[in-house]
Amino acid sequence: MTAPAALPPKLAELVDDFAELGVKDRLQLLLELSEELPALPARYSGHRDEMEQVHECQTPLFLAVEVAPGADRTVHLFFDAPPEAPTTRGFASIMYTGLDGQSADEVLAVPNDFYLALGLGAAVSPLRLRGMAAMLARIKNQVRSAG
Amino acid sequence: MPVPNDTNPKLAAYAHPERLVTTEWLAEQLGQPGLAVVESDEDVLLYDTGHIPGAVKVDWHTELNDPVTRDYVNGARFAELLGERGIGRDTTVVIYGDRNNWWAAYALWVFSLFGHQDVRLLDGGRAKWVAEGRELTKDQPTPATVDYPVIERDDSVIRAFKDDVLAHLGQPMVDVRSPGEYSGELLHMPDYPQEGAVRGGHIPGAASVPWARAAAEDATFKSREDLEAIYQQEQGLSPSDDVIAYCRIGERSSHTWFVLTHLLGFGRVRNYDGSWTEWGNSVRVPIAVGTERGSVK
Chain A
1 MTAPAALPPK LAELVDDFAE LGVKDRLQLL LELSEELPAL PARYSGHRDE MEQVHECQTP
61 LFLAVEVAPG ADRTVHLFFD APPEAPTTRG FASIMYTGLD GQSADEVLAV PNDFYLALGL
121 GAAVSPLRLR GMAAMLARIK NQVRSAG
Chain B
1001 MPVPNDTNPK LAAYAHPERL VTTEWLAEQL GQPGLAVVES DEDVLLYDTG HIPGAVKVDW
1061 HTELNDPVTR DYVNGARFAE LLGERGIGRD TTVVIYGDRN NWWAAYALWV FSLFGHQDVR
1121 LLDGGRAKWV AEGRELTKDQ PTPATVDYPV IERDDSVIRA FKDDVLAHLG QPMVDVRSPG
1181 EYSGELLHMP DYPQEGAVRG GHIPGAASVP WARAAAEDAT FKSREDLEAI YQQEQGLSPS
1241 DDVIAYCRIG ERSSHTWFVL THLLGFGRVR NYDGSWTEWG NSVRVPIAVG TERGSVK
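Residue numbers (the working numbering), protein chains in the order written: chain A, 1 to 147; chain B, 1001 to 1297.
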């Protein structure tokens, strides 16, 4: 399966990486991504009140979005989820790897159902997967409201 | 040879102490022939970040459910799954998991549908094992495949379907969801909007006892005395009652089923796994809203 054309290059690459793997290896890749999720910078660490909670994830996930001034309006993403929630961390890491550093327009153009192309439904179960759609929706809302 | 029971005095007070083991006991028994340890979590990757040495993983969503029909796997698939994990029909199985053993209790209930005789929960689950600083490993065990017989599920004793619940109206029921779901303010569990229903409320007559009330702060089960105070003195249930428990998809109510059946010794408890995602989406079934139990007119 090839990623939809509207995906930013890094996200498209990730989608292709997942799609090429068998079901078990997709879980392994998600686990590796969960381990690579960057820690919060000092300005957010311990400041969950300045972040938005993604209630749709089965385990609490906190998210912050910054849009840099300038023509490109570069988007930066920050996530906080506990180590005992590796699946949620993995989802967040997909967002971070695929979208951090992209322009606001590119982030807003990502199809809301892009995550279906990752092929994680069989590995993770559709019920667990919906948190990813919610994460993207909240990222887009914050990008829009950043003006 | 069956693995001996944990004779810890806290467990001895329960109706069926052989259904629980403590972390101390498990740490001593690891590696015993005839013992299998199974981790069953909400988070599908948690096992892979580190687990009790020798433990195998069984995932409820992807392995105990039929992939197409809303039902559990059949006898052939269950036999294949357990055989691959090195579990025989006589093996003592100890299950543990995240979130107060919520999914572990669900797995235990499904094992019980297949009549697996010796299946136990680790009191306190994964959280207690981790909090005590006990060993975790990322090493995946490679058990030799064993022959597990193909046994068809018996859904008649501990499982209730919608028609069973309709026939049961007026008799004791326990709704183990959150108060907001029970009253009908919430159409889904807090933080789980994807498992919603088009109507809110509860099955008329059901008592509201959120499942986690049975758990102590360290994720172990409360003492028998404390559990009796909740389910028997406060809610007026009796061990001789015919009880149906339900939640949203049947997982939290498996935990309550375990408490009533194995810890308090109730003789007839069924888990309605269709639960609110079936009842609250069904046409013309009776529903009560608000904090009162309500009744069927």
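Worth flagging that the hints you see were computed from the coordinates, not collected in a lab.
Bear in mind that the values here come from a model prediction, so they are computed numbers and not experimental data.
Accuracy of the hints is not assured; some may be wrong.
Across the chosen pairs, the derived CB separations fall in these ranges [what the hints assert, rightly or not]:
id, chain 1, residue 1, chain 2, residue 2, range
1, B, G1170, A, A19, 31 to 39 Å
2, B, V1068, A, D113, 47 to 55 Å
3, B, V1157, A, N141, 30 to 38 Å
4, B, I1158, A, D113, 21 to 29 Å
5, A, D72, B, R1284, 51 to 59 Å
6, A, A42, B, G1088, 47 to 55 Å
7, A, D72, B, E1292, 34 to 42 Å
8, B, E1132, A, G121, 51 to 59 Å
9, A, D113, B, S1240, 32 to 40 Å
10, A, A146, B, E1292, 43 to 51 Å
11, B, P1149, A, A137, 24 to 32 Å
12, B, V1068, A, L108, 33 to 41 Å
Lysine-lysine pairs mimicking BS3-like chemistry, simulated, CA-CA at most 25 Å apart [what the hints assert, rightly or not]:
id, chain 1, residue 1, chain 2, residue 2
13, A, K10, A, K140
14, B, K1010, B, K1162
15, A, K10, A, K24
16, B, K1010, A, K24
17, B, K1057, A, K24
Computed, partial: chain A to chain B, Cβ under 8 Å [unchecked claim]:
id, residue
18, L29
19, L31
20, T59
21, V67
22, A68
23, E84
24, A85
25, G90
26, L108
27, V124
28, R128
A virtual CB, placed ideally from N, CA and C, is assigned to each residue, including glycine.
Whether the CB-CB distance between V1157/B and N141/A falls inside 30 to 38 Å: At roughly 49 Å between Cβ atoms, N141/A and V1157/B fall outside 30 to 38 Å, so the hint is violated.
Cβ distance range 47 to 55 Å for A42/A and G1088/B, holds or violated: Given range 47 to 55 Å: holds, Cβ gap about 54 Å.
Range agreement (Cβ of D113/A with Cβ of V1068/B, hint 47 to 55 Å): Once the Cβ atoms are compared, 22 Å apart, the range 47 to 55 Å for D113/A and V1068/B is violated.
25 Å limit on alpha-carbon distance, applied to hinted pair K1010/B and K1162/B: Given pair K1010/B, K1162/B is violated - Cα atoms ~37 Å apart, limit 25 Å.
Hint status (Cβ of E84/A to nearest Cβ of chain B, threshold 8 Å): At about 6 Å, which falls below the 8 Å cut-off, the nearest Cβ of chain B leaves the hint on E84/A intact, so it holds.
Satisfaction of the hinted span 21 to 29 Å by the C-beta atoms belonging to I1158/B and D113/A: Given about 39 Å between the Cβ atoms, the range is violated.
Given hint T59/A near chain B, where the shortest CB pair must fall under 8 Å: Holds. Min distance 7 Å.
Straight-line alpha-carbon gap K10/A to K24/A, limit 25 Å: holds (22 Å)
Restraint outcome when R128/A is required to lie within 8 Å of chain B by C-beta distance: holds (6 Å)
Closest C-beta approach of L31/A to chain B relative to 8 Å, hint status: This hint holds: L31/A lies near chain B, its Cβ roughly 5 Å from the closest one there, short of 8 Å.
Outcome of range test on Cβ distance (D72/A, R1284/B; 51 to 59 Å): At 56 Å between Cβs, range holds.
Closest C-beta approach of G90/A to chain B relative to 8 Å, hint status: Since the shortest Cβ distance to chain B is 6 Å, the answer is holds.
The structure is inconsistent with the numbered hints 1, 2, 3, 4, 7, 8, 9, 11, 14, 16, 18, 21, 22 and 26, although it conforms to all the rest.
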